[in-house]
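K.L.:
Letter by letter, the chains look like this.
There are 2 protein chains.
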Amino acid sequence: MLTIPWNSTTGWGTPKIQPYAPLQLDPSSTVLHYAPTLFEGLKAYKGKDGVPRLFRPDKNMERMNRSAARLAFPTFTGDNVTQLIKKLVEIDADWVPTDPGTSLYIRPTMIGTQAGLGVGASTDVLLFVIASPVGPYYSTGFKPVKLYATTKDVRAWPGGTGGYKLGSNYAAGVVPQQQAAALGYQQILWLFGPEHRLTEVGTMNLWVGLKGTDGVLELVTPPLEDMILPGVTRDSILALARDHASGKRKLAGLPDKFTVSERNLTMPELVEASRNGTLAEVFGSGTAAIVSSVDGIGYEGELVKVPCGEDGLGDITRVMLREIVGRQTGDIPSEWSVPVDTKA
Amino acid sequence: MLTIPWNSTTGWGTPKIQPYAPLQLDPSSTVLHYAPTLFEGLKAYKGKDGVPRLFRPDKNMERMNRSAARLAFPTFTGDNVTQLIKKLVEIDADWVPTDPGTSLYIRPTMIGTQAGLGVGASTDVLLFVIASPVGPYYSTGFKPVKLYATTKDVRAWPGGTGGYKLGSNYAAGVVPQQQAAALGYQQILWLFGPEHRLTEVGTMNLWVGLKGTDGVLELVTPPLEDMILPGVTRDSILALARDHASGKRKLAGLPDKFTVSERNLTMPELVEASRNGTLAEVFGSGTAAIVSSVDGIGYEGELVKVPCGEDGLGDITRVMLREIVGRQTGDIPSEWSVPVDTKA
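Residue numbers (the numbering used here), protein chains in the order written: chain S, 4 to 347; chain Y, 4 to 347.
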């Protein structure tokens, strides 16, 4: 594990890479009481050449610095921490698995560590990075999930912190998730406002494919604003989809007539699209699963049907999975893929 | 410190009272990543007889169990934990200070401790209680504070967790508080919605005194719903004020014509009351300060004036402070005051 302490008087301390071990925290440490904590998630993938590659670590560092500022934590030079993460992956290179779909999951975290029960800016912060090999998310093939659209619990709100990757956005999601599971659904679909605007799926960004009357396939995701997490996979899908739509780089499997929109959709609009046959597909995106197909949404006592291919993937979902995995493993050359030099 | 571990398979473990010491936490402990943490704050006061007294610990235990359920943590028998807290205070009796206004601050906390980066219900939880002597909040007399009514950041929202005492409600308040301080204000006044509804003050409940055209003094606080923390001091002030209003127990210093309302007020209504002279006073309430008087509110570029007595207290604030402190120290006999038997 990598640790870098910070103190408001002495600044950043010396980074250390050391064996995984428990953290010793004073019982009054602020993180245990007021939840000053933020995290990131990224993966190292071994390609056919045996080289571990990070996927867009600059995006994680950029988002981590935004989160840090929101918690009155110190910010840092993203490239420097990326270098240290590369060093950690280099040391742990034997732990990066090689089977298709496997990777080393990397978890950068920052917590407020000073002792004292006053609510205020952190005077002591620990940045630490841990890692763990993870298996393929879809070890038994692609299984689309059913979502429960809750009209009771609300994940994020304007003026809140839903657009930052803070620990405090996650704890309250567990009980709604349990309630959805008890009703037979795998994930929560988070709505907002009296119009039941679609926002996120569980801990993933949300995507909807809509067939326009003009024969154009539209890929829709909610605009970032301050309620939507700026996902790295979200950004990657947007870039790939826009390049296809503009003709800059066409993707096999997507129709020529294709547009991409960052705009809001409501549940009533989705219900209507399901009924009149213009709903093409729905999926979530995130670092853990990359994409996750949806084949139904429980909403106000009814199951809204969502089309899904026989392989468990919608057309856009299938193409995006292929294109992103290709760039993660190095099979598709891309500046998004950052190799770790294990011979240094 | 008191510690009680819980595991989803084995249930509650044996409570231990042991010397204050760091907690050893796996770096992947859920509390450090997804913020499953809740806390309470209560105080032990030594009366003139030298006996430490807890103030309404049953209310803290009730609220703590509500918070625990909201985080999918185990619940517990409040009376049992109160007994253990009494035992802790008994052992720490020499640490309970005796000067007027001083007390032993007691912090019950629950955190999710299991190792693992999945977001889900906690399988391991630690309930711990720490304590620290605290000085008088107003060591240099009563200084009214100026509030900054922010129209940018929002503390809580319908369908969120603002009505539960979760750690996750606190981390995001630090930056707005810093911004208010930079503008010369001591605390944030949290607003909600386009109508700028008043909700809370910093980490305190909010109270407004209004002079009615009929000569009746009205004490107003926002209704609990799901955005307002159910404060123990809030509940105590409501009970005292209602008993005065109904004539059940009159309080010297308050006018006979007096009503109490749990209802919403907006900033435009407060501005109008300040202008037309019907605003009597504004104060916050909480365990730390008991009450905190306000003498001005910065709102949309203007300073809204709030009346305040020459002693730094409004009429209602002064009476409530006296009545609550009297019950905390045992000077006013009350079932709210729970003595700790230090001779057992």
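Bear in mind the hints are in silico, worked out from the structure with no lab data behind them.
Everything numeric in this text was worked out from a predicted model, so none of it was measured.
Check each hint, because a few of them may be wrong.
It does not matter which identical chain is used: a pair holds within one copy or between any two.
What the hints assert, rightly or not - In silico lysine to aspartate or glutamate, EDC-like type, Cα no more than 16 Å apart, as pairs:
| # | residue 1 | residue 2 |
| --- | --- | --- |
| 1 | Lys-155 | Glu-221 |
| 2 | Lys-51 | Asp-217 |
| 3 | Lys-146 | Asp-344 |
| 4 | Lys-214 | Asp-259 |
| 5 | Lys-46 | Asp-95 |
K.L.:
Tell me, please, which holds for Lys-146 and Asp-344 at an alpha-carbon limit of 16 Å: within, between, both or neither?
P.N.:
neither (36 Å within a copy, 61 Å between copies)
K.L.:
Evaluate Lys-214 and Asp-259 at a C-alpha cut-off of 16 Å and name the case that applies: within, between, both or neither.
P.N.:
within (13 Å within a copy, 69 Å between copies)
K.L.:
Is it within, between, both or neither when you check Lys-46 against Asp-95 at 16 Å Cα-Cα?
P.N.:
within (13 Å within a copy, 49 Å between copies)
K.L.:
State whether the alpha carbon distance between Lys-51 and Asp-217 is at most 16 Å within one copy, between copies, both, or neither.
P.N.:
neither (43 Å within a copy, 84 Å between copies)
K.L.:
Quick one: Lys-155 to Glu-221, C-alpha cut-off 16 Å, is that within a copy, between copies, both, or neither?
P.N.:
neither (29 Å within a copy, 33 Å between copies)
In terms of the numbered hints stated before, the structure departs from hints 1, 2 and 3, listed from lowest to highest.
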